[in-house]
Amino acid sequence: MEDIISILVTTVRVSTPLILACLAGLYSERSGIVDIGLEGKLIASAFGAAVVAAVTGSAWAGLLAGIGVSLVFSAVHGLASINFKGNQIISGVALNFLAAGLSTFLGAAWFGRGGNTPPVSGDARFYGIQLPFAAELRDVPIVGPIYSGLISGHAIMTYIAFLAVPVTAWVLWRTRFGLRLRAVGENPKALDTAGMSVSWLRYKALIITSVLVGIGGAYLSIAQAASFTPNMAAGRGYIALAALIFAKWKPVPAMFACLLFGFLEAMQYRLQGVDLPVIGPVPTQAMQALPYILTILLLAGFVGRAIPPKASGLPYVKER
Amino acid sequence: MKIKQTLKTLVGGLTVTALMAGTALADPALVYDGGGKFDGSFNEAAYTGAERYKADTGTNYQDLEIDGVAQREQAIRQFAARGNNPIVLPGFSWEESLRAVAPDFPDTMFAIIDTVVDDLPNVRSVVFKEQEGSYLVGALAAMASETGTIGFIPAFDFSLLLAFGCGYKQGAKYVNPDIEIIETAIGTGFDAFNNPGGGTEVARSQIDRGADVIYHAAGGAGVGVLQAAADAGILGIGVDSNQNHLHPGQVLTSMIKRVDVATYNAFADYENDEWTSDVIVLGLAEDGVGAAFDENNADLITDEMRATIEDITAKIVSGEIVVHDSRTDNTCPA
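One line per chain: the protein sequences are A and B, in this order. So the first sequence is numbered by my numbering: it starts at 1 and just counts up by one. So the second sequence is numbered by my numbering: it starts at 1 and just counts up by one.
It should be emphasised that the hints constitute simulated quantities derived from the structure, not laboratory data. Every clue listed holds true.
Incomplete in silico selection of chain A near chain B, CB under 7 Å:
(1) Ser6
(2) Arg113
(3) Ala226
(4) Ala234
(5) Arg270
(6) Gln288
Every residue gets a Cβ at the ideal spot worked out from N, C-alpha and C, and that includes glycine.
With the hints as constraints, model all of the structure from the sequences given.
Shown next as structure tokens:
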């Protein structure tokens, strides 16, 4: 039981940035903007958060800075792909390179630690939150470990990530904004004909994207870790995009896809060198290959065809 | 007319710069391995040695951090072509590129740290008996552990890194034959050295399984391991450089590998015409490896622990304890 809880807790922790980045991608892709730059935004906001938290000593200032940096990146992406109708993939890739290079360069120039930022502690870092009654319920069978061990004790971003899932589903399917968001990604011309601004709607989607991915970046550098290290997103932005395709651009399946990726990572850390019943000790390499094997199996066998929003990747040009 | 003159000045200026560059660059050079100059561990130790040399002699040196495998050969070749001598390459990953470049520059001396390249006349190899230093920190870990479970985290499954682990296990078992040792790798390749987030998660999973002292051999990713240990209120053990200061009171000790001395000596030997292109093995007896004691871990080390370590050190130096090197036969007795 304890082993299972511990694997699940790790799953929740490593899934948090994935879920945030995945939902961020969902908003922008639903509006018709392909955001390959999620990885870059994660890196940039992790860097911004770590720098501001280290300098000001306030984790909240760090979080805001992370969101701010990611807003700036999105503004560039929006300008290139909405206003100037440039290629969204190219703009996104450029942002990825810019984020990786600029963060390392500025970090090295400001702190002289080879791109690392100084470690933060105390008020400058987000720690796990103990939910009410977590301590009292700890010894209650079944409920105790699940509530006190699994649900309580995470950083605030984790709760934001999991709350963002139902909120996103509600926004997407139950609000006027959601309807328009879906429409602008499928058929922007219809919206334009109805007298709405395609550009402004897409910008609104990008703002939500930035806020979510900014929270995810800040989680990486000032909650999960205590400093920024170059390229610390380590491909999580791309995994989030893969999860988004897995989930066919739907919020709840997106959460499960991210949890699956997180679970596989947790298993890999946890099961190395452990004697499994019947099988015996599993070689490290087999354990580490597991996420990739399962990804291929799931993609090939279970997911079926994933069809993106019809207008995604296409700049909207009014007919003249 | 004016354009011509400007051009002339420009060309003249460029030539001078080129000439200046040619004369100024008899300096020694140091090219860091993946993880970068300030990894707080292996590369930083090389940097410390080079800086000490600069402070002692006033001789400048050139250094470079590489960005990816593709730059390795190019980096060495460029330093050699510019006349830098000697060129110090900390890290076993340099071997292949070194073999490609060294024969083309017979008058340039190279020093590679952590692996043996003994068939080239202008290459010095410096290797350490990491198993001996790891034996000491393993013994300390076993003495400090209250749960009877300790952890070891290599960056990935690689013979050099596993030799750290094997020495660690032998040392731990010497003190406490019943000790439980968990070993978990962070990744599958060299990029694991750059993944502190992975280091944190692996350390947490070991802590969940009861480990209360964790030793890492993961370079830059080890920062995440030590952070996780400090967050959980257990003890970490640093590697290569003295990492005790990273979390004072939460890092039991560090297995120091005197990469700084190896770098310093390579620079100095060449300068003093004492260069030898041979294989240098540094163990406990040569003070090449050891456990770090300073004010940051003074409260963690009891007199009894210190006495045991002194006793073990004496026995290893005298040959009474022979620490098995897992690299020789790919097995570990402990």
